[in-house]
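For reference, the chains in residue letters:
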Amino acid sequence: NAGVTQTPKFQVLKTGQSMTLQCAQDMNHNSMYWYRQDPGMGLRLIYYSASEGTTDKGEVPNGYNVSRLNKREFSLRLESAAPSQTSVYFCASSGGLAGGHGSYNEQFFGPGTRLTVL
Amino acid sequence: EDKVVQSPLSLVVHEGDTVTLNCSYEVTNFRSLLWYKQEKKAPTFLFMLTSSGIEKKSGRLSSILDKKELFSILNITATQTGDSAIYLCAESGAGSYQLTFGKGTKLSVIP
Numbered sequence: 001n002a003g004v005t006q007t008p009k010f011q012v013l014k015t016g017q018s019m020t021l022q023c024a025q026d027m028n029h030n031s032m033y034w035y036r037q038d039p040g041m042g043l044r045l046i047y048y049s050a051s052e053g054t055t056d057k058g059e060v061p062n063g064y065n066v067s068r069l070n071k072r073e074f075s076l077r078l079e080s081a082a083p084s085q086t087s088v089y090f091c092a093s094s095g096g097l098a099g100g101h102g103s104y105n106e107q108f109f110g111p112g113t114r115l116t117v118l
Numbered sequence: 001e002d003k004v005v006q007s008p009l010s011l012v013v014h015e016g017d018t019v020t021l022n023c024s025y026e027v028t029n030f031r032s033l034l035w036y037k038q039e040k041k042a043p044t045f046l047f048m049l050t051s052s053g054i055e056k057k058s059g060r061l062s063s064i065l066d067k068k069e070l071f072s073i074l075n076i077t078a079t080q081t082g083d084s085a086i087y088l089c090a091e092s093g094a095g096s097y098q099l100t101f102g103k104g105t106k107l108s109v110i111p
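So the sequence lines, in the order shown, correspond to chains E and R. Read in order, the letters of the first sequence correspond to residues 1 to 118 in our numbering. Read in order, the letters of the second sequence correspond to residues 1 to 111 in our numbering.
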């Protein structure tokens, strides 16, 4: 099992460009999450999807949109990138309330995408 | 105001030392507290604590939760250079899908 995979690993954008970060998991998890990590700020939740077909805002959703394409895939889109969105982005998944592999709260993380916006 | 506060923010020790990392939290409807280790890339799960006073152990690492005083500690004995990492703690509330993370403690173990 690959666990949680993310693409791309690195990306450089110019201000105003758009892009989509892709995430997929093969653990049959119900819940998926997008975080950003900035120096000295810890991990902050951008959006999450409790189950297929639902998405909700987290702590820092402004400037982002998400799509839960199916149970496996959860994408994060930046419509008009800004320098403040320079960060490392992590996708994670967990079994969720409805079950699946892993405990309710234990989240499994992907390797991250390092995004720089110039 | 931060809901999860970790201390210290950074720590440098010599190999063989024992370290204690702290995590305090404030949340209504608490469900669990989790510890993660982050080396160069993704955080990896260490422990999940839901009950007070029950120590969880994995090799040289152990952790315990105090639900009355709202804190948890992570102990690492006989530290090795491979323990160098950022240690993150996170809490979750009952019925919530979200984890709220602290800012992490950066541990550096020098030979």
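FYI, nobody ran anything at the bench for these hints, they're computed from the structure. There may be inaccurate statements among the hints.
For the chain R half of the interface with chain E, some residues (derived, Cβ under 7 Å), not all of them [said to hold, decoys possible]:
| id | residue |
| --- | --- |
| 1 | A42 |
| 2 | P43 |
| 3 | F45 |
| 4 | M48 |
| 5 | G59 |
| 6 | R60 |
| 7 | Y97 |
| 8 | Q98 |
| 9 | F101 |
| 10 | G102 |
| 11 | K106 |
Quick list of in silico lysine-lysine cross-link-like pairs, PhoX-like style, CA-CA up to 25 Å [what the hints assert, rightly or not]:
| id | chain 1 | residue 1 | chain 2 | residue 2 |
| --- | --- | --- | --- | --- |
| 12 | E | K57 | R | K68 |
| 13 | R | K41 | R | K67 |
| 14 | R | K67 | R | K103 |
| 15 | R | K106 | E | K9 |
| 16 | R | K41 | E | K9 |
| 17 | R | K67 | E | K57 |
| 18 | R | K103 | E | K9 |
| 19 | R | K103 | R | K57 |
Backbone N, C-alpha and C fix where the C-beta goes; we use that ideal spot for every residue, glycine too.
Checked hints:
1. A42: This interface hint holds because 4 Å falls under the 7 Å limit.
2. P43: P43 of chain R check passes; min Cβ-Cβ to chain E is 5 Å, inside 7 Å.
3. F45: Holds, about 5 Å.
4. M48: 6 Å, holds
5. G59: 18 Å, violated
6. R60: Cβ of R60 of chain R sits 21 Å from chain E, so the hint is violated.
7. Y97: Hint on Y97 of chain R: holds, closest Cβ of chain E at ~5 Å, below 7 Å.
8. Q98: 6 Å, holds
9. F101: 4 Å, holds
10. G102: 6 Å, holds
11. K106: For K106 of chain R, the interface hint is violated, since the closest Cβ of chain E sits about 10 Å away, which is over 7 Å.
12. E:K57 / R:K68: Cα-Cα ~31 Å, so violated.
13. R:K41 / R:K67: 31 Å, violated
14. R:K67 / R:K103: 20 Å, holds
15. R:K106 / E:K9: 23 Å, holds
16. R:K41 / E:K9: Holds, at about 11 Å.
17. R:K67 / E:K57: 28 Å, violated
18. R:K103 / E:K9: 23 Å, holds
19. R:K103 / R:K57: 23 Å, holds
Going through the hint list in order, the structure does not satisfy hints 5, 6, 11, 12, 13 and 17.
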